[in-house]
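Here is what each chain is made of, one letter per residue.
There are 2 protein chains.
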Amino acid sequence: MAVYTEVTDEALRAFLAAYPLGALRAFRGIAEGVENSNYALQTEAGDFILTLYEKRVDPRELPWFLGLMEHLAARGIDCPLPVKARDGQALRTLAGRPAAICTFLAGVWPRRVRPEHCAPLGAALARLHLAGADFHEVRPNGLGPAAWGPLLDRCRPGGDAVQPGLVAELDGALAGILATWPVPGALPTGQIHADLFPDNVFFLDGPEGKPRVSGLIDFYFACTDLLAYDIAVCLNAWCFEPDGSYNVTKAHALLSAYQRLRPLSEAERKALPVLCRGASIRFLLTRLYDWTATPAGALVTRKDPLEYLRKLRFFARAEGPASLGL
Amino acid sequence: MAVYTEVTDEALRAFLAAYPLGALRAFRGIAEGVENSNYALQTEAGDFILTLYEKRVDPRELPWFLGLMEHLAARGIDCPLPVKARDGQALRTLAGRPAAICTFLAGVWPRRVRPEHCAPLGAALARLHLAGADFHEVRPNGLGPAAWGPLLDRCRPGGDAVQPGLVAELDGALAGILATWPVPGALPTGQIHADLFPDNVFFLDGPEGKPRVSGLIDFYFACTDLLAYDIAVCLNAWCFEPDGSYNVTKAHALLSAYQRLRPLSEAERKALPVLCRGASIRFLLTRLYDWTATPAGALVTRKDPLEYLRKLRFFARAEGPASLGL
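Here the protein sequences come in this chain order: A and F.
Here the working numbering is used: the first residue of the first sequence is 46, the next is one more, and so on.
Here the working numbering is used: the first residue of the second sequence is 46, the next is one more, and so on.
I should point out that these hints are in silico values taken from the structure, not numbers from a laboratory.
These figures come from a predicted structure and were not determined experimentally.
Be aware that one or more of the hints could be misleading.
Since the list gives no way to pick one copy over another, a pair counts as held whenever it fits inside one copy or between any two copies.
Stated by the list, open to error - Derived DSBU-like pairs (lysine-lysine); straight-line CA-CA distance at most 30 Å:
hint, residue 1, residue 2
1, K129, K255
2, K100, K255
3, K100, K129
4, K100, K348
5, K315, K129
6, K100, K315
7, K129, K348
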């Protein structure tokens, strides 16, 4: 939940004057998203989301993110479409921050994932990967395998305070992951979301009351990386139960629906377990870093890093792709 | 900013099924309000606010609050109107909490108060008081003068850590306030909002671009108390500049617009300075209590109690009603 930057009404009015959106009707901070400040904006033209990009986002990368969303939306993906101001620019400045208005997407993110969510999720992920295939600008994954060692180093001083022996366990796990990580070119690469957690996927009731995906949001970790790594992120984020168990029914639904649109290669299938371990350690490390670095009393919700230690251990024990639902 | 209770989609759907509002379209946590969990809810019938009442609100008092809002809305006050379910009940249960859906109010609360906001505010406050005159159910002010001594006692252990000498200064100030507080019956009494801070007042552009009040929200401190005390709360909340100075232009605009609709009696005018000191100490004490009692790392924004010490000192020095803008 986050509103880091307050916007005065005068500044907002001046900002909106650049857009062909009519008069302001409502403006409320949204208690979702942890990286940026998000506001629900209502004007005479309808509902929008206004995002102010906070310090974790590099302003030089914003044109890539907005360009990707525009590209995907043009290909029928239900993602936020950046709204251009009268001068043709979508990326502007408000309250001293880079800022953009995007279209509002209907739908509700699932607070509790059910198996019925996982097939539509898998299909939406495959469609996202296919739609991104002709977006040719590359953004390296700043939180990919090359970043995990340095990130672990930054957690070294405080890591064992979270759990005794944690740093040594992660040293061993990371070495194992990096030793078997797919070499460049071995697996299909493209534009991935890289953070497709439940709170970034909206659903509405489809035919017969079955959930259908109505929106994918928050593309600010998107990058150019292994497509199957995006699946591994989703298996981590969607297929564990609150008690820590892996729900292979959910995973199978996700993977099957994905493969109906983009079948995995044999190399991708074989690599899936290590990609899952990689995704576990990526979220483990950023959470661990936030946990050790966030000042007590800060407004940001600190997420439990050990949730991902349990997932990492599960994937390390898993015996091959079949046990993951493939 | 607050979403304390997460609502699963199944629970939300089951809850909504009791209402004649059509299918769910969107549901987002709102990063505003500190007492309850608020969600922007969109259904086929339009925009609404769903509130889950958290532990600071006594469930037995909710019918009073909802009844007052219904009463005021029926008399033309732009306040949230509780939406009744098909069984005629507006107050229900969701995720183990009392919950209600209210109408959505357009408008934007002023992040920076300008003098032009204060006349419409004063008029809106007077209209609120007049509209409440025939709502006869009494709710005593749980944070009125009788509560301040016990509240100060609870701040005694930690108060001086916030500022040395603070507790002794507040002991002296409170004794002075209570010694000159109006006796029961001396001033007009009625239904007051009691927390009409800028984030509880929405504005839209009116004729010639001048702000007009489009909504008053968050009635969960409302109670039956001195009407002029509500004015004192607003003078505290709206008429100080960020540098701590009292803006008599704003105060005069507020008071004049109020008096055009409900002129103050001579007794109310004379009492205004002590009512202002009372309002200062009321917010000072609740903030001080929250400051000393909130665990470090909690998600709630702790508001600076010393802001209200400066206001209290200003009102204590003020020489009569005229210096307050009357």
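Run the structure past the numbered hints and jot down the numbers of the failing ones, going up. 2, 5, 6 and 7
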